[in-house]
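Chains as they are written, first to last, in the working numbering: chain A, 113 to 513; chain B, 113 to 513; chain C, 113 to 513; chain D, 113 to 513.
Do not take every clue at face value.
Identical chains share a label here; the pair holds if one copy fits it or two copies do between them.
[Stated by the list, open to error] Pairs of lysine to aspartate or glutamate, DMTMM-like flavour, derived with a Cα cap of 25 Å:
#, residue 1, residue 2
1, K423, E220
2, K118, D195
3, K492, D433
4, K492, D467
These are calculated hints, taken from the structure and not from any lab test.
Residues per chain are reported as follows:
Number of protein chains: 4
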Amino acid sequence: MRKLTKQQVFKDPLYGFIHVDDVLIKKLIDSELFQRLRRIRQLSGVQMVFHGAEHSRFVHSLGVYEIAHRFLTVPDINEALNDREKLLFLAAALLHDIGHGAYSHAFETTFGVNHEKIGAQLILTHPELRRILDTEDDMFAEDIAHILRKEKKFPLIEQLISSQLDVDRLDYLERDAYYTGAAYGHIDVDRLIRVLYIKNGKVVFKLSGIHAIENYLIARYHMYWQVYYHRVARAYEVNLEKIYLRVRDLLKEGYPFENNVDPLKKIMSNPEDLEAYIEIDDFYVNGLIASFKSSSDFILRTLAYDFLNRKIWTSIDVNPDNEHMIKDIEKTYTEEELKYYTSYRTVQNSTYRDDGEGFGDKIYILLENGKISTLKDQSKIIESLMLSGTKTDPKFFYRKR
Amino acid sequence: MRKLTKQQVFKDPLYGFIHVDDVLIKKLIDSELFQRLRRIRQLSGVQMVFHGAEHSRFVHSLGVYEIAHRFLTVPDINEALNDREKLLFLAAALLHDIGHGAYSHAFETTFGVNHEKIGAQLILTHPELRRILDTEDDMFAEDIAHILRKEKKFPLIEQLISSQLDVDRLDYLERDAYYTGAAYGHIDVDRLIRVLYIKNGKVVFKLSGIHAIENYLIARYHMYWQVYYHRVARAYEVNLEKIYLRVRDLLKEGYPFENNVDPLKKIMSNPEDLEAYIEIDDFYVNGLIASFKSSSDFILRTLAYDFLNRKIWTSIDVNPDNEHMIKDIEKTYTEEELKYYTSYRTVQNSTYRDDGEGFGDKIYILLENGKISTLKDQSKIIESLMLSGTKTDPKFFYRKR
Amino acid sequence: MRKLTKQQVFKDPLYGFIHVDDVLIKKLIDSELFQRLRRIRQLSGVQMVFHGAEHSRFVHSLGVYEIAHRFLTVPDINEALNDREKLLFLAAALLHDIGHGAYSHAFETTFGVNHEKIGAQLILTHPELRRILDTEDDMFAEDIAHILRKEKKFPLIEQLISSQLDVDRLDYLERDAYYTGAAYGHIDVDRLIRVLYIKNGKVVFKLSGIHAIENYLIARYHMYWQVYYHRVARAYEVNLEKIYLRVRDLLKEGYPFENNVDPLKKIMSNPEDLEAYIEIDDFYVNGLIASFKSSSDFILRTLAYDFLNRKIWTSIDVNPDNEHMIKDIEKTYTEEELKYYTSYRTVQNSTYRDDGEGFGDKIYILLENGKISTLKDQSKIIESLMLSGTKTDPKFFYRKR
Amino acid sequence: MRKLTKQQVFKDPLYGFIHVDDVLIKKLIDSELFQRLRRIRQLSGVQMVFHGAEHSRFVHSLGVYEIAHRFLTVPDINEALNDREKLLFLAAALLHDIGHGAYSHAFETTFGVNHEKIGAQLILTHPELRRILDTEDDMFAEDIAHILRKEKKFPLIEQLISSQLDVDRLDYLERDAYYTGAAYGHIDVDRLIRVLYIKNGKVVFKLSGIHAIENYLIARYHMYWQVYYHRVARAYEVNLEKIYLRVRDLLKEGYPFENNVDPLKKIMSNPEDLEAYIEIDDFYVNGLIASFKSSSDFILRTLAYDFLNRKIWTSIDVNPDNEHMIKDIEKTYTEEELKYYTSYRTVQNSTYRDDGEGFGDKIYILLENGKISTLKDQSKIIESLMLSGTKTDPKFFYRKR
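Could you put the whole structure together from the sequences, leaning on the hints where they help?
Take a look at the structure:
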């Protein structure tokens with residue numbers, strides 16, 4: 113737990129500065145695996161609608177770390193965690209996305225990997241990372257992995273890293289709002305921090321801060337439906353999935369790719385080949401897609417063309433009214449085209465759920481009399497929003513001829 | 113000059129919206145060549161210091177267009193330009209960076225091309241772009257090329273596109289400040305627009321707006337020295353130049369690259385091979401550099417390693433005090449290492465110069481009595497800043513062993 | 113409808129500039145009655161909690177005008193209103209609060225006047241104002257009065273000036289958020305303007321803008337409960353009401369005030385004495401309260417002391433649990449003290465109501481098929497919020513001994 | 113030096129929150145004299161041009177305190193000051209403007225008082241304030257007075273409170289920019305704090321922060337010339353001075369004022385009558401001016417009319433060209449009118465001066481080799497600005513007939 117002789121800062125457009133006090137954190141930021149996050153964008157399809165949002169997982173990860181750093185100023189957290197746990201919290205916040213690859217969502221669907229699992233494995237086994245973490249103590253890497261896997265060894269830190277209101281979400285909502293220019297994502301983090309307490313190992317928020325929580329949940333709701341689930345962003349994501357799908361199928365068939373597709377081959381034969389996995393960043397995948405423009409495979413060439421030139425696929429709401437129209441469209445495609453040029457995709461999101469069993473699933477409210485209640489019971493506005501249930505948006509996407 | 117049936121907008125984090133009224137502009141934005149700018153970052157080395165600045169030339173180009181769109185609300189500009197010239201102005205603003213490639217500065221130094229010349233050629237000859245522009249009239253593409261080449265056919269538009277205070281700079285200073293988080297780049301564009309007049313075909317600013325101009329020039333000065341010329345950004349740029357240099361030398365030697373280096377080869381044999389040139393975007397170059405990590409060429413592998421893992425080279429101010437130290441460092445390198453691992457680089461910048469002969473080199477001030485003066489003669493603050501002359505910063509960069 | 117030879121602007125911290133094109137608007141702004149609004153603060157008790165919010169009705173009125181000015185850029189509004197109606201709209205927006213006096217809410221409760229009625233009367237009869245308005249045409253003043261009284265002569269303008277989503281609210285929510293520093297009041301006015309249409313004389317919003325409306329209503333909800341209805345603000349308002357009450361009672365008794373209380377006397381005998389009414393601005397009332405510090409009347413002196421030195425009264429929620437406690441407190445006061453040192457006050461607010469009969473009470477949504485629906489039917493989030501009904505907060509305030 | 117059991121915060125539009133940790137600071141804020149600052153506006157004439165700037169000295173004083181609070185996080189300051197000195201610093205920052213009265217500048221000119229001297233006297237003798245300060249120790253009040261009088265007992269604190277770059281200026285430049293909407297006043301306080309060190313008891317700034325200092329000085333320069341010295345603001349100030357002048361002259365003549373002018377009388381006979389002085393806040397003076405509208409004295413009535421209705425006086429630059437014109441105007445006035453309706457007024461300001469003898473007059477720069485240099489010697493930009501010397505703007509103001 114060595115401290116830097118002088119606090120180091122990185123200029124950040126949202127928070128002014130990212131503040132680093134610990135030698136460990138500095139070394140983690142400088143590590144190859146963390147620098148690799150500069151080569152993985154935070155939002156894939158979204159930037160096709162909101163052109164300003166070209167930021168990477170690197171800046172988001174620094175942001176999550178900074179929010180965690182601020183959380184340590186909360187008296188109850190400062191008291192609840194010992195020095196080692198504080199550093200665990202900071203390191204886990206910094207590394208929470210370390211397992212992400214290029215266009216993860218589409219990639220994972222197609223190649224059957226999971227960035228969270230991979231993240232924990234990298235922390236445990238990547239030589240440079242492990243060496244850095246071992247300078248703290250032998251269990252440090254294991255304990256970060258415990259936290260990211262939510263194995264309840266450090267339940268408080270797990271709540272702070274991943275729950276309905278955690279350091280990850282606080283950063284990405286604010287940051288994505290900043291870069292997209294969306295008017296909706298602003299959250300009063302300072303206020304939330306000021307009303308945060310720990311009671312019986314649980315994160316609770318004072319009743320007087322309930323408006324800040326309501327506001328956060330509604331901002332989240334709006335960001336999902338206005339930004340993350342924007343029709344164009346989703347269409348672009350479908351385009352990307354189809355590229356991955358075609359590549360996978362061609363690899364299976366033994367198609368002679370002109371460029372280096374070794375990392376993908378290795379992942380296909382062994383989804384736990386970490387060395388191959390970390391090769392697959394945006395630089396690699398984008399370079400590959402760029403080369404597909406002149407591929408001899410017609411389908412791959414077509415998909416790459418759409419991707420590179422923002423030829424957005426069309427979408428239709430899936431509902432009884434449109435059923436017939438969708439069927440008619442489908443009829444115009446061959447079976448192979450159906451596979452690669454059309455897709456049913458559904459997104460859904462609730463403002464707030466309260467039905468989980470484990471911790472982290474409810475937001476707890478600390479009443480003035482010291483008792484603990486839940487957000488649902490204290491906020492009329494949230495209670496009524498919960499009545500509106502989960503909003504679902506099924507769509508049919510297809511490549512226009 | 114067809115108008116869209118309804119104005120189209122794109123959400124922008126700086127200006128709220130980018131406003132598009134013209135069918136032509138819409139088509140240009142949707143064109144492959146313009147979408148390609150999404151794959152070319154605005155700032156190369158700078159993001160290694162200011163992590164937030166990961167934006168592309170695409171968003172900058174939209175921004176320059178939007179500023180031009182606002183300039184058209186200036187009564188004098190509205191009057192001075194006919195409808196065709198207005199559209200020329202907007203299109204030229206949008207396309208002013210269309211000739212940029214990946215990491216242009218380093219690339220151009222090494223491969224002897226020029227993005228401005230290429231931009232004009234692309235406008236004249238790229239099939240899709242030309243087809244779109246020709247829908248206006250046969251001379252439209254030529255006239256945009258005239259403007260970008262500053263051939264004085266449309267002197268007023270040229271001033272607005274490229275001078276000491278133009279739509280390009282207004283966007284990039286504001287935008288780079290927004291994304292880096294720098295406190296210095298904010299410019300009062302609204303005020304500048306309100307005091308802008310045209311007299312005898314010249315852009316002039318009313319005396320009452322002189323503070324906004326002073327402020328703009330000083331913001332520019334600070335952005336250069338605090339952001340663009342930051343030691344780390346420059347060191348990173350040197351790293352990149354050396355990669356290009358090594359690739360070029362290896363290509364000359366006939367080194368057997370494993371990846372597709374055809375576009376580079378073509379550019380080397382013919383710097384005007386536009387088709388090859390437009391292949392060379394960030395996707396392509398980044399993919400290449402990623403592959404160099406496992407190159408059999410030691411130097412290339414080393415340079416790529418530094419680039420990918422943010423191993424920033426060291427720098428020393430070149431001045432009499434340090435001369436000896438630099439010589440000593442140089443002695444430790446072989447001749448080949450000197451070539452690829454060290455570099456002398458100088459940057460310089462003035463707050464404002466007033467010594468050019470052509471138009472566009474002075475900022476003119478409109479006095480209350482209707483006479484035209486110059487910024488230098490009206491602003492004591494700028495006059496004294498000009499006395500301080502051009503600031504120069506020569507540095508020696510080297511890869512630490 | 114004369115235009116200024118050059119658009120005039122006023123620097124505004126929210127909108128950059130307030131833009132004035134019309135000679136009439138310029139003259140109205142320069143008029144004595146409008147300048148008087150500089151001497152009437154927008155928020156009375158609120159600034160005792162949110163110290164930044166010291167702004168006047170003058171800046172708010174300019175802001176409402178500016179929003180109206182922007183509304184005129186909406187194609188449908190531009191088309192629906194002729195030139196005279198546009199100017200009526202702008203003038204009505206500017207003058208909508210012209211009848212406000214010092215600490216209106218408390219004043220009106222005590223002295224039985226109504227600022228809206230008075231506003232319309234001032235527009236009709238104040239010599240300077242009437243003279244300015246008459247330069248347009250003989251009916252201009254009457255027509256503004258019609259609009260402010262909502263007499264349905266200009267139903268569209270009335271909707272824009274005063275409805276569930278009008279130029280007045282758009283400015284005050286944004287402005288009060290800016291000055292208080294509240295994180296909640298931000299509204300996407302640009303977006304709202306872009307989705308606003310007129311159908312059958314009704315203001316409607318395109319379905320695609322529904323998130324901006326949801327966001328606006330929730331921002332409004334939060335501003336009410338977090339800012340306007342803050343316990344301390346309400347306590348301060350009660351203090352103020354008691355001062356007015358004591359002054360009124362003393363005036364009735366013929367108490368020999370040392371300062372000039374003529375305007376108050378006149379209003380008491382004739383609530384329609386406009387000349388007296390316009391004397392009663394913050395300068396006058398504050399001067400009076402300052403003088404009460406040394407009044408010979410103990411109660412008045414006490415109340416003024418609390419007011420001037422931020423001695424905030426205590427409050428208790430009125431509910432069955434607290435009934436007994438409140439009764440006990442009341443018992444400790446004499447009858448006179450009960451009157452001047454205690455108060456029951458209830459505030460209530462709904463996120464959105466939809467049950468009015470007249471126009472202006474619903475927010476209408478324009479569907480993609482051209483049909484008109486209502487916000488309630490289109491927004492699940494608002495529908496559920498309406499279920500939560502009207503939130504009510506009854507409190508008992510008292511001066512601690 | 114008792115701490116509050118929980119840090120208390122006040123919402124601030126600039127800094128998010130004002131943070132209070134000390135019982136003493138809390139009590140000082142709640143004191144009558146400090147609450148009185150709510151009744152004294154920060155800027156007098158300026159709000160006649162920049163309507164948004166209606167804030168009080170209360171919010172500015174809280175802001176200065178907050179900046180001081182942040183300065184305590186600077187390692188060198190934290191080390192250089194013991195606990196008592198830290199509290200002295202915070203209290204002095206909070207109270208630095210406690211001696212201000214209504215429209216101080218004009219008032220002091222006319223009635224021969226000095227708000228700084230009065231401030232120190234109030235700290236020493238005002239019963240409530242003294243009682244609060246004495247709870248710390250017997251010397252606490254005296255020591256704050258020492259600091260505000262710059263008597264070099266606490267030279268470091270004095271520098272931080274009042275020098276070329278102090279907590280007072282940092283707040284007012286930022287705050288006035290925020291409320292006016294001026295684009296120029298933004299200062300990178302976070303950066304300045306990070307490069308601030310103490311060497312040999314002197315405040316020094318690291319060379320790497322020199323751009324932030326340059327930027328601060330230029331922001332200051334622009335705020336002075338664009339905002340504080342705006343022609344209209346100065347004209348309004350002249351109007352106000354003439355009102356004070358007329359009141360003073362009438363008091364000398366024994367004119368029978370209808371309203372309470374006792375505090376002014378007392379100040380005239382004894383400029384050190386603190387009890388009278390603290391009566392003279394904006395509430396009092398504004399109430400008085402409002403009553404002058406119906407004064408039987410023609411001049412006073414006229415001056416009050418102009419003041420209340422924003423009848424801005426005309427101004428002419430005093431220079432050889434205009435000399436004749438000014439003389440001609442003067443001839444049209446009687447001697448009495450000359451006295452009350454015309455005025456010569458000169459303002460002047462330098463970007464930066466370096467010629468003082470005492471400490472606090474230079475900004476010191478800490479070089480990388482540990483030596484201390486001066487801003488002038490290290491900043492080419494500031495050196496050249498100093499060459500441009502002091503800018504002076506003499507004007508002749510007069511009431512148009």
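A quick look at each hint next to the structure:
{"no.": "1", "hint": "K423 - E220", "in the structure": "within (24 Å within a copy, 31 Å between copies)"}
{"no.": "2", "hint": "K118 - D195", "in the structure": "both (18 Å within a copy, 23 Å between copies)"}
{"no.": "3", "hint": "K492 - D433", "in the structure": "between (35 Å within a copy, 20 Å between copies)"}
{"no.": "4", "hint": "K492 - D467", "in the structure": "both (17 Å within a copy, 20 Å between copies)"}
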